[in-house]
Amino acid sequence: MRDGLGTVQTFTSPAAGANFSTAVPAGYRWRIWGGSALLTASATAANRNPFLTYTVGTSVVWASGINSVTVGTTPDFSVTANQIVTLVFEEHQAELNDLYVTSFLPIHSKALWLPAAAVVAITVQNLDTTDQLSNIGFLIETAAA
Amino acid sequence: MSVDGTGIGTIMTFANPAAGSDFSTTVPAGQAWRVWGGSCHIAASATSTNRTPTLYFKNGNTYIYVASNGQDYNHDANQTVVFHQQHAFQEGPPFLYVAGQVWNLTNNPAGLALNTIGIRAIWLPAGTIIRYFMFNMQAGDQMSQVGMLVEAVNV
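Protein sequences appear in the order of chains A and B. Using the working numbering, the first residue of the first sequence is number 1, and each one after it goes up by one. Using the working numbering, the first residue of the second sequence is number 146, and each one after it goes up by one.
Hints were generated in silico from the structure; no laboratory data involved. Do not rely on the hints blindly, as some may be mistaken.
[Unchecked claim] One side of the interface only, derived from the structure: several residues of chain B facing chain A at Cβ under 8 Å:
| no. | residue |
| --- | --- |
| 1 | Ala177 |
| 2 | Trp181 |
| 3 | Thr207 |
| 4 | Tyr208 |
| 5 | Val211 |
| 6 | Arg265 |
| 7 | Trp268 |
| 8 | Pro270 |
| 9 | Val300 |
Since the model is a prediction, treat every value here as computed from it, not as a measurement. Cβ atoms here follow ideal geometry from the backbone N, Cα and C, with glycine treated the same way.
If we strip away everything but chain B, and leave its shape as in the complex, we get (with noise of 0.2 Å):
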């Protein structure tokens, strides 16, 4: 099945997630979506450790889409940064990894650091999990202004 959507997205915000909890929404039933870019607030604890931010799109067992910048752009304690999603960042190369990629944006207008991944804007059948997580998340870390550009249509 085809679906022609316009391109045209509107702006959805989710409720916080608790503190220490990751962020994750489901597309609904009857419903497709494409996510065209997003950000939320990662706001860490005073606890050090290396707090990696890292988003998938999953459907049942099956990963569609997994980024991260990994371990070489990972946040330490008390550091508020934007988790920012951005659509056709990067192209890959077919065989991956060039060294001393860098794709980090630091000190941006707003004052705050920004954490920018590419993320790619393929229709996501209902049932995908939309997830943003941090590997070593700690219990006081806090995630918020979660907010997505979202193209949905009816299936």
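If we strip away everything but chain A, and leave its shape as in the complex, we get (with noise of 0.2 Å):
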């Protein structure tokens, strides 16, 4: 595989309690290196759950997050009340454990080539309207389609 340079490419902010999504524009492909987001979550008590998906129409080609080991226990990573989380995404890490709950959160990427038009999401289940996600940005190598 070859590996390319990107530059890093930063956007901005959605909304208090909003996602964050971008699109691969027309006429490039991306590939996406590596990237962070900063969550920085409500008073409200809540089991947020970071997600990364690369959707391309209507087919989602790449689905990362943290989740619930076992299905219907409380998630083991998720990001509670008051908590400021720097999202990793990263295309492998070292053990997640606390250290990472109360500081850095990787969230496991993959460096594939994006079409013009695939979506590009942070999405956050249980997301508290006054949620924020901040300083997003993501070391992306770009080519011509």
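Both chains are sitting in their own frames, so use the hints and assemble them into the complex.
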């Protein structure tokens, strides 16, 4: 596989309580090598579960996030009230444990070539209306389609 | 923009940070770097606390990569540890966490504890900060012998 050199692109923060998405521009392909976003949780108690997805048309070609290990149990690494967590999207990561929950929360990404119009989304399950995603940036390799 | 590197790096060594300070260096202007591996020594002072060695790549406000073994592998007082970064050490699952994962090696042939984490050899654009640090670093802790196998290209 040929690794490519990307540039860091930053994005406007969504409104409070809103998730983030962006689309690969027409005429281009993207490969995402990593990135991050800051999730500032409100005082409302909830198990917030961040996910990263790549969607092409109606096909979800990549989805990864934080969820319960066992269905029906409390998620192990949810973001709870008043936490400020940097979500880090990366191709592999070391062990996840409480350390990350209080500072960095790694989410598995994949450097796929995404065609034009593919949607890159950060979606937080149970996002509260006053939660805020900010400081969104990705290391993106861009090529003409 | 794409770059084909040779995959051949050279060892770069760096000055020791001051006691109690972490290490960081920045990809110079006009270059891109891929870090294929590296290590540094961490000598903990006599102060008892849970030190957690961590590595990140950060460009502006964007974290490109963060790795740490976390709280299971903290270092306590008076320990000397080689904080070792190894390429492709672990492929993470899409849904994270497998209880009981152990990636540490101890009692290596050099007789030092080896705290190994995985890194990713991503092309890092100019201005990216490579930082080794410890949560709960103490004033008397010392990082030393910082070295990395770096592939550098002009862009």
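Status of the hints after comparison with the structure:
Look at alanine 177/B: its Cβ gets to within about 5 Å of chain A, closer than 8 Å, so that hint holds up. Evaluation of the tryptophan 181/B hint against chain A yields a violated restraint, the C-beta minimum of about 11 Å exceeding 8 Å. Taken as an interface hint, threonine 207/B checks out: its beta carbon lies about 3 Å from the nearest beta carbon of chain A, inside 8 Å. Here the hint on tyrosine 208/B is kept, as its CB sits about 4 Å from the closest CB of chain A, short of 8 Å.
For valine 211/B, the interface hint holds, since its Cβ comes within 8 Å of a Cβ in chain A; the closest pair sits about 5 Å apart. The closest approach between the C-beta of arginine 265/B and any C-beta of chain A is roughly 5 Å, which is under the 8 Å cut-off, so the hint is satisfied. The beta carbon of tryptophan 268/B comes within 4 Å of a beta carbon in chain A, closer than 8 Å, and the hint placing it at the interface holds. At about 6 Å, the closest approach between the beta carbon of proline 270/B and any beta carbon in chain A falls short of 8 Å, and the interface hint on this residue holds.
Against a cut-off of 8 Å between C-beta atoms, the interface hint on valine 300/B holds, since the closest Cβ of chain A lies about 6 Å away.
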